[in-house]
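S.K.: Sequence:
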Amino acid sequence: MSRIGKMPIRLADQAQVEVKENMINVTGPKGALSQALVDEVIVSVADGAVTVQRKDDSKRARAMHGLYRMLVSNMVEGVTKGFTRKLEMSGVGYRAELKGNLLALTLGYSHMIYFQPPAEIKIEVPDPTTVLVSGIDKALVGQIAAKIRSFRKPEPYRGKGIKYEGEVIRRKEGKAAGK
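According to this note's numbering, the stretch in the sequence shown is residues 1 to 179, in order.
By construction, these hints were calculated from the structure, which means they are not laboratory data. Please note that a few of the clues may not be correct.
Claimed, not checked - Calculated cross-link-like contacts (lysine to any residue; reagent style SDA-like; alpha-carbon spacing at most 20 Å):
{"#": "1", "residue 1": "20", "residue 2": "71"}
{"#": "2", "residue 1": "147", "residue 2": "175"}
{"#": "3", "residue 1": "86", "residue 2": "107"}
{"#": "4", "residue 1": "153", "residue 2": "130"}
{"#": "5", "residue 1": "55", "residue 2": "23"}
All chains should be modelled from the sequences, with the hints used to inform the complete structure.
M.R.: As structure tokens, this is what we get:
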């Protein structure tokens, strides 16, 4: 039995889960999410908790068991609390600003980079070197944060670039000067 898959998912007061054939819909105060289910798992709702079980003991069913338990758990957490990723910029002249709903980034290139986030993602810029990416879909929040980070990944010599909050950049020593 999957250690993760066998744990029930406690529903918050505001979250509602509906299971229809091969779809699961989760609704909460922040919005609604839906996910297609595979044939190997069975999702049931009872007593304010959601349980995920597998139909058989095949290798694929065992893999899907833990996966779908976490997907449903992330959906419940997303519609009740939401998810946020914080990006930090370091480097001379590196900054971000919001122009309407466009994120404008100055990252040392000869041009500014404009990024249009999807409608379900909210981007905030509390100060010029910090970007907050938030939304209800954990995978989409992570994907958008990774996309923004990819515009200027942190480099190992000076540490300039965009990094996640708490990310440790392994530093390298520069070339040693000749004798």
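S.K.: Hint by hint, say whether it matches the structure.
M.R.: The hints, checked one at a time:
1. 20 to 71: holds, 16 Å
2. 147 to 175: It is violated: about 31 Å lies between the C-alpha atoms, which goes past 20 Å.
3. 86 to 107: Roughly 17 Å between the alpha carbons, so the hint for residue 86 and residue 107 holds.
4. 153 to 130: holds, 15 Å
5. 55 to 23: Within the cut-off at roughly 16 Å; holds.
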